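A.B. asks: Assemble the complex: chain A is given as a structure, and chain B must be docked to it using the hints.
Chains as they are written, first to last, in our numbering: chain A, 3 to 203; chain B, 425 to 602.
For the record, the hints were derived by calculation from the structure and aren't laboratory data. A quick note: this is a predicted structure, and the numbers were derived from the prediction, not measured. Note that the Cβ used here is the ideal one computed from N, Cα and C, for glycine as well. Check before you lean on any hint, since a few could be wrong.
Label-pair ranges, simulated between beta-carbon atoms [claimed, not checked]:
#	chain 1	residue 1	chain 2	residue 2	range
1	B	Arg514	A	Ala198	18 to 28 angstroms
2	A	Gln49	B	Thr503	36 to 46 angstroms
3	B	Ala435	A	Arg142	51 to 61 angstroms
4	A	Arg142	B	Asp494	11 to 21 angstroms
5	B	Ser568	A	Gln49	42 to 52 angstroms
6	B	Asn432	A	Gln37	19 to 29 angstroms
Sample of chain B residues at the chain A side, in silico, Cβ under 7 angstroms [as the list claims (entries may be wrong)]:
#	residue
7	Arg464
8	Ala485
9	Ser487
10	Tyr491
11	Asn516
12	Glu543
13	Val562
14	Tyr565
15	Ser568
16	Val590
Listing some non-contacts, in silico: residues in chain A with all C-beta distances to chain B over 12 angstroms [unchecked claim]:
#	residue
17	Thr7
18	Val71
19	Ala144
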Amino acid sequence: MTHLTMQQLLDVREPASSPGSQSARRHLEACQTCQAELERLHQRTAQLKALPTLRVPRDLWPEIRSEVVVYRRRRIAAWGGVGGLALAASVALFLVLGARTVAAPEEESSRAIGTAMAQSQMLETALGRYRPERRVTDGRTATVVAGLETRIAEVDRQLQVAGMMRQRVRDEALLSLWRQRVGLMDALVNVHLTHATNAGL
Amino acid sequence: MESFPLANADAVVARARSGDPEALEQIFRAFQTPVYNLARRICRTVEDAEDVLQETFLEVAKSIRRYRGDGSLWAWVRTIASNKALMRLRRNKYRDTDELHDEVMPTRREDRHLRMDLEAALERLPETSRAVVWLHDVEGYTHSEIGAMMGKSVSFSKSQLARAHVRLRGWLGEEATA
Numbered sequence: 003m004t005h006l007t008m009q010q011l012l013d014v015r016e017p018a019s020s021p022g023s024q025s026a027r028r029h030l031e032a033c034q035t036c037q038a039e040l041e042r043l044h045q046r047t048a049q050l051k052a053l054p055t056l057r058v059p060r061d062l063w064p065e066i067r068s069e070v071v072v073y074r075r076r077r078i079a080a081w082g083g084v085g086g087l088a089l090a091a092s093v094a095l096f097l098v099l100g101a102r103t104v105a106a107p108e109e110e111s112s113r114a115i116g117t118a119m120a121q122s123q124m125l126e127t128a129l130g131r132y133r134p135e136r137r138v139t140d141g142r143t144a145t146v147v148a149g150l151e152t153r154i155a156e157v158d159r160q161l162q163v164a165g166m167m168r169q170r171v172r173d174e175a176l177l178s179l180w181r182q183r184v185g186l187m188d189a190l191v192n193v194h195l196t197h198a199t200n201a202g203l
Numbered sequence: 425m426e427s428f429p430l431a432n433a434d435a436v437v438a439r440a441r442s443g444d445p446e447a448l449e450q451i452f453r454a455f456q457t458p459v460y461n462l463a464r465r466i467c468r469t470v471e472d473a474e475d476v477l478q479e480t481f482l483e484v485a486k487s488i489r490r491y492r493g494d495g496s497l498w499a500w501v502r503t504i505a506s507n508k509a510l511m512r513l514r515r516n517k518y519r520d521t522d523e524l525h526d527e528v529m530p531t532r533r534e535d536r537h538l539r540m541d542l543e544a545a546l547e548r549l550p551e552t553s554r555a556v557v558w559l560h561d562v563e564g565y566t567h568s569e570i571g572a573m574m575g576k577s578v579s580f581s582k583s584q585l586a587r588a589h590v591r592l593r594g595w596l597g598e599e600a601t602a
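Just chain A, with the same shape it has in the complex (with noise of 0.2 angstroms):
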């Protein structure tokens, strides 16, 4: 007598057999070889399922933490380049156009938010090209490091809520929050650089 093969059994348990498993099946009802061997199986799986759980060896959720926020203050600074150059074109258009009218209060706050885009890009690269993440940190600088991320992460948070906003609110809070955001990145470079200076490097 032929057994079924360990394929057959697996056929046999799917929800959606195929055809062959008909036949498979008629033998199942006859061979209790065949029987025990599907209930082996099903045993087998059963005790997969119920093997221990294995505990994470360590908290690995600073890491990510600072993956995420390296990866956002990338993007936004992404974004401040993309939409200071919007900015830069909208500016350039104006002044072929409209040289002779006055500028209106939203083309200077567009400015003024198109500016500290700038800085708070020409910050971002500048920390970027520091690269910190592959320097040796001492605790308390590292604490400093943290906090001023984490301000800068809410900024950012801030600024996407922002940008959701009808167009004069949104440009008062789009600016405000750019500065802060220039402060906090001018801050966190004089951090980086005061260590390197210290560290001799």
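C.D. replies: For chain B alone, kept in the frame of chain A given last:
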């Protein structure tokens, strides 16, 4: 591993979408253990499993806006984790010994008398077979889903599972006597 508790999941996801780091941390804390277990069972080393855990939650942070909420949050996170773990297997393929295992293991004489526990036997399977066993038998993915994730056919997934069970049966000393 069907589901994991995350109080006010909808509210947490909404906050995570707006970039709230605390909400992301809540998602991480809720799912880190099942993700790590999936990764550890599929990958060969603790280091690889830790990397998969990190890559999974970085991807969650990047893509949370794309999560539509039509399936459970765990199902979404688990698919990301499975893909990351399989990607790592492919990346490590150059040092993978699946081919060697496939040829050598069934003919090794001492295996006939070797009994081991299920955990050790699972660990001993070639990486691809182990991944298929875990994804199918424990996580509940279908052969069609596994095939798609691995970039292989349904029959590839089915034959890997069958070969893995034949080996497990032998190593566990469960071979039929009739």
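A.B. asks: Looking back at the hints listed earlier, which ones does the structure fail to meet?
C.D. replies: Violated hints: 1, 2, 3, 4, 5, 6, 9, 10, 11, 14, 15, 17 and 18; rest satisfied.
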